[in-house]
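Engineer: Going line by line, the protein sequences match chains S and B. The first sequence begins at 163 in this note's numbering and counts up by one. The second sequence begins at 99 in this note's numbering and counts up by one.
Derived lysine to any residue pairs resembling SDA-like cross-links, with alpha carbons at most 20 Å apart:
(1) B/K138 to S/Q207
(2) S/K266 to B/S184
(3) B/K165 to S/T260
(4) B/K139 to S/G171
(5) B/K120 to B/N155
In case anyone wonders, no lab produced these hints; they're calculated from the structure.
Residues per chain, in single letters:
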Amino acid sequence: GNSVTQMEGPVTLSEEAFLTINCTYTATGYPSLFWYVQYPGEGLQLLLKATKADDKGSNKGFEATYRKETTSFHLEKGSVQVSDSAVYFCALSDEAGTALIFGKGTTLSVSS
Amino acid sequence: DTAVSQTPKYLVTQMGNDKSIKCEQNLGHDTMYWYKQDSKKFLKIMFSYNNKELIINETVPNRFSPKSPDKAHLNLHINSLELGDSAVYFCASSQEQGRNQPQHFGDGTRLSIL
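Just chain B, with the same shape it has in the complex (with noise of 0.2 Å):
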């Protein structure tokens, strides 16, 4: 069983086009987070939620937006992709909020925009 299950795994898309990508957590986990990883391996957070309300978002463009209809999801969408958005984005979650909270990460979209 998959604990925390993202999709789809691989995106392939223009510039300037809107997509969305999905996370689903089975764990039964409070916070869910988005973080991004650049070509160098740099990791950084996005977005953070907590009880499906936003704790933090971290200078992301608005064109980045997302959702969190209940607790086990937290999805991403994006409008107008641009080149620099290419990246893998990953999804996490932890039990709850709290410095002493590993998170657990799902396996990554790779995101590609020609």
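Here chain S stands alone, though its shape is the one from the complex (with noise of 0.2 Å):
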């Protein structure tokens, strides 16, 4: 069956530092990848999406490129923000789009 599988957390970082959060998914067909996160107390928001193979998704200087050959959707970003201390979330929707199904989420945890 489908499923996202998503590096462990927490990842602590300094202000201004490098992001990647790994995600792999296996899936039959073309699945559509999405980036959430969640604030703390709040619900999920889109981050970013991609719907085919080598799109690359960005918003808010975050980026994750959609990597069929690696079945990979890894989210980077180039100098995180305290604001952008949050639990992000890799997700898939198959063909049918029935449902997102979502990795077990990162934990990430910025300081100044």
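Please assemble the complex out of the two chains, which come individually in their own frames, going by the hints.
Structural biologist: Below you can see the structure in the form of structure tokens.
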């Protein structure tokens, strides 16, 4: 079946450090891939998405590229801020689009 | 204006009780969902509705019954609450059913069973 695997957290960084959160997936067909962010006490917000191989999603300085050959969708940001502290979820939507399948989430903590 | 709103935000109740969580979206979306987030933050789909019709039910106990009176609402009723039902429940919606459709989430309902 379809599944998403994310790197275990927590990830602790200093402000302005480079961020990578790894995400790999298993799916049949051609899924769409998403990154969502959850700030404390809030719901999930869409951060970025990519719908086909080699697409790059980007938003608020975050980027991720859909790599079909490595079945990966790693999240990167060149310089993190304290305000980026949150839980990040990688997710896929299969071709039927009936639901999102989430990874277990990675907690990011950025200190000044 | 809140796009996807859930009530209540917190729900504390005793084992064996029956409770409901309401969800409303004002985005004009056709598809709505319920997800459960456990204490380790893992999110799992429970139900998916498209145009008021159930399209997915992910092996959820039949104590959980979703009801969609119209496209803008998807409520969740839970009978005979158990300790294992303690979690955060998220409602979400998308424009339509489809792999490219991003989902918009509510802020969640934290259910605690005593």
